[in-house]
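Protein chains in written order, with full-length UniProt numbering: chain A, 1 to 602; chain G, 1 to 602.
Be aware that a few hints might be false.
As the list makes no split between identical chains, a pair holds if one copy fits it or if it spans any two.
Claimed, not checked - Each computed DSS-like pair below joins lysine-lysine, with the alpha-carbon atoms no more than 30 Å apart:
1. LYS168 with LYS143
2. LYS291 with LYS239
3. LYS81 with LYS204
4. LYS143 with LYS546
5. LYS44 with LYS138
Rather than coming from a laboratory, the hints here were simulated on the basis of the structure.
Listed below are the residues making up each chain.
There are 2 protein chains.
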Amino acid sequence: MPSIEVKNVKEKIEYRPNENLLDILLESGHFVDNPCNGKGTCGKCKVKIIDGAVESPSVTERKLLSEGELESGVRLSCMVKPSGNLKVELLQKEREHKVLTAGYKPRFDFNTNIKKVLVQIEKPSLQNQTPFEEQLKKATGLKSIQFDNLQSIEYDDGVYTVVLYDEKVIGVEVGDTTESLYGLAVDIGTTTVVCELVDMNTGKELSNSSMINAQKHFGLDVLTRITYEIENKADGKEKLQEAIVKSINDMIEDICNKEGISRKSIYEMVVSANCTMMHMLLGVSAKTIGKSPYAPIFTSSKNIPANDIGIDISRFGRLHCLPSVSAYIGADIVSGAYVCNLENRKGNILFIDIGTNGEIVLSKSGRLLCCSCAAGPALEGMNISSGMRAADGAIEDIEIDEQGNISLKVIGDKEPIGICGSGILAAVRELVKSKIIKKDGAFIKLEKLEEDDFRNKLIQMNGKKREFIVYSNGKSDEKILITQGDVRQVQLAKGAILSGFLALLEKAEITMDELDKVVIAGQFGAHLPADSLTGTGILPDDISDKLEYVGNSSKVGAYMALMSKDVKENMEKLSINMDYMELGAVKGYERLFSDCLIFPKV
Amino acid sequence: MPSIEVKNVKEKIEYRPNENLLDILLESGHFVDNPCNGKGTCGKCKVKIIDGAVESPSVTERKLLSEGELESGVRLSCMVKPSGNLKVELLQKEREHKVLTAGYKPRFDFNTNIKKVLVQIEKPSLQNQTPFEEQLKKATGLKSIQFDNLQSIEYDDGVYTVVLYDEKVIGVEVGDTTESLYGLAVDIGTTTVVCELVDMNTGKELSNSSMINAQKHFGLDVLTRITYEIENKADGKEKLQEAIVKSINDMIEDICNKEGISRKSIYEMVVSANCTMMHMLLGVSAKTIGKSPYAPIFTSSKNIPANDIGIDISRFGRLHCLPSVSAYIGADIVSGAYVCNLENRKGNILFIDIGTNGEIVLSKSGRLLCCSCAAGPALEGMNISSGMRAADGAIEDIEIDEQGNISLKVIGDKEPIGICGSGILAAVRELVKSKIIKKDGAFIKLEKLEEDDFRNKLIQMNGKKREFIVYSNGKSDEKILITQGDVRQVQLAKGAILSGFLALLEKAEITMDELDKVVIAGQFGAHLPADSLTGTGILPDDISDKLEYVGNSSKVGAYMALMSKDVKENMEKLSINMDYMELGAVKGYERLFSDCLIFPKV
């Protein structure tokens, strides 16, 4: 394998060609700043190539790097795909927090609930008729053995492997099976489910699988699914549960085949999810989450036999569901707050996960306050005329230059067929920047423009409505557009998130200046560069240089809880210490919300 | 209702006509000695009628009572069915122990694991979004709620009934259901299953149901059933479990219909059974119980959700299985030893349950030693040429007078069709008494008898084999006989039990004189009068006046454990304190056994 030498670092990094330099460096534990998360837009992941051959700088690099930098060998590491031996110099000083595409993960000690121990069962005799169970108790030093273990046992002398969960035997296996001990860290999003297979003997993350949540058949957002439950009294709850359980079982199948292990050697699954998904996974009614006053059936963590809800792993396997705070601050957010160590970090830190719901947690020197904003599905590309998911052919970034030329960044470098969430935000950002829409969100009137104004060619009339033409392949019915209605959708989302942000700061009596960090969590947030966030006014301009991206901290939290009972306990405590503020109950919130609908000045 | 006044007792007993005087007195808590358990054979349940009219003495009474007794108004209380007001005098002095047909039951305090409490769930609001679970925790003062309770809940304010098992919520029901709280005490015998419905609010025993154990399809005794498990690897264990579970569910159906209650309002079932039945009920392999060295998978008590093994009661219902001591000293014997308070009674007490296995517990001033004897099925009417179960038409007692006339007692006063266990014992007793069989068990030779010997007409030759004619209706192929082989079967049973009895005494260093009581337990034992036990030499002659009958103490133990968690705990301790002696491992046992095959001198 080729290797990379980092200046002043002794150990060389071996790597498989076909990865970009940023990922190679991050994965080997080096810190490289990359606010845009490897998208080639922020220009911050600079490294200097000291020795070795790489391809010539790309157009993007020529745009984002100065001539002097290019001459001295500085490159954007996310744009460089090395194939041979290299020597590089890192240019960033700050090393405190790493940002990984997979999600930032702090150091922690492994201390799993699940353990395997070997025991020797002696051959009984007329002088020693000790029951099998009593031999097990003696060998493990435990007072009781969970009963169902005994149902699959035959009394035979020899070596057995006992699976312990804390101080309870949850499995007894013939022979020495201590090598086979696997777990799953699962993040159930409303849209996507991510499943990670972990070797619990070593903590090694072996494989990931992700898929669309099969509950999509019952609605794309949680409210529609809750409505499905309400309207299908007979079996709505059961069908929602079956769908998500099936998704997970399919992923387990996939991941186990990939790694060549038996699903029966998986003994624990830790799930992070929003509160609605957790109710639906566990077969608990989510009805009251869907309507004011939004009181759920449960928020505390749950630990049950995984087979009880149909998860097909070891018959002794446990399912641990992480705790939520409230109906709209779920375990995914508790996980994120835990992973980012919000409780123990100094300063005022704001954590935000942007999606259909924007969840915000503010840590004022460790005191945690949180709220949830109903942003609506616009930011995920839903309810938008040309909206689509972030898949091949989706426009994910847009730039309008001063001549009115539009450049597009399309996922998979394909002919564009629609706009995904980050593309919509980028579009609105550009519309604001180029003053095609006004502060109140209305398109400018064409009759008010000079004849030679570049904006004339970007707007078309559809009856009395104005529309921004993002892309046209010549066929008028295949144009990709941003309509006035689309802008309103984004405006509502922006108003919801910004007002939540400001209401939290006010409640905590913190000014914008006093805010030290803004942590962006979640898969969607990872694709939102700072200029989209501030340029659309979702977040105030002041936060640009305070941004930190942590990726899928929900799944990372599930992984950490899987590998440590202390993490489980601490997350439970954390969930209780997070004070929830219901925006609907905040005095003057309606006014704040309407103020926050205004787009920023350019 | 008519009433009975007992001399020197203030309170009168009201009774329903149609019961016999013995039962009326026993049920109202008075002590009346009755070794034969109300069968009219022992003549010990004497009372004196001081005032009031009763029917004239029966033939049995005239036989068992002296002329002086009859003149002074003494009667056998089991033979008297009063219909009006009476005044009686009790003639026994000892009052320490009661004997009941249903089973002797000591006084104890109710202290159930299951409790129902009412809680008020408040309506949530935007200011108070407390999850349903947290409201429950607060209302009950508990730290955790067993998860599956939440699966059937809808969040609604109002009154709920919480079902607690110790400090755990096992059920949440809408509205006030505190009145509906039922339990089951179950005794699973190899042959018969008895099920009792109990109102757990009051401890009242509402109804009984009993049926043949449906496992009979897989063999009549435990060894045959274990062989079935071994020979049917694929599903033998499962079929055995299904059979017994179905038996119990059928009885629950029956008993609930009878009492007009819902099976879903039954929250706990306590089971007493032998160790093999307990394994089979719980779906645990009983293979090793069937072969030396007889080490079972488990002996300790089990407490699991009843639905887990298919018992159809409340979905939150618990199944508590009482502890065994060893493969052949089961929970039925632990129950019996507990009910009879063997640990805490003074003196040397021997407890014996006679059946296919004879289980014996010896208490030497509270130190308990036990053993089990493989008596074989002869005593239950199996493997006997004319053997049958104790049902209508079964001969249950036999008497041969000095002229060789045979009188029979037949269940249901029907034409005899066979002999049940107690009848076989009675027959062998009479054969011994009349010297038709010799001490070694062999029939006397006809050629050795005088011509006028009454025994000539009682014996017939079948080829070279001699047979005792118990009953003949004239058709030679319908004769009821006791063959030499039958006598051998009884002899083996007798040898097994007597040798166990003697080995225990020897191990405990107790002489026959030092033995204070012999307690006969079990439904079968309840039908064995003293003269059958000693006349056949199953037990030595010396114990006749030390006998005490306690009936189905196994089911009584299940009832007590159902109504008291202290009883459950104490039985667990008791099971650990009962030292088991494996007869096969006792030095010189083979010799003792063959000595014990000898029938007693007349």
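Results for each hint:
1. LYS168 with LYS143: For LYS168 and LYS143, the Cα distance is within 30 Å both inside one copy (9 Å) and across copies (20 Å).
2. LYS291 with LYS239: within (21 Å within a copy, 49 Å between copies)
3. LYS81 with LYS204: within (26 Å within a copy, 82 Å between copies)
4. LYS143 with LYS546: neither (54 Å within a copy, 41 Å between copies)
5. LYS44 with LYS138: Neither: 60 Å inside a copy, 52 Å across copies.
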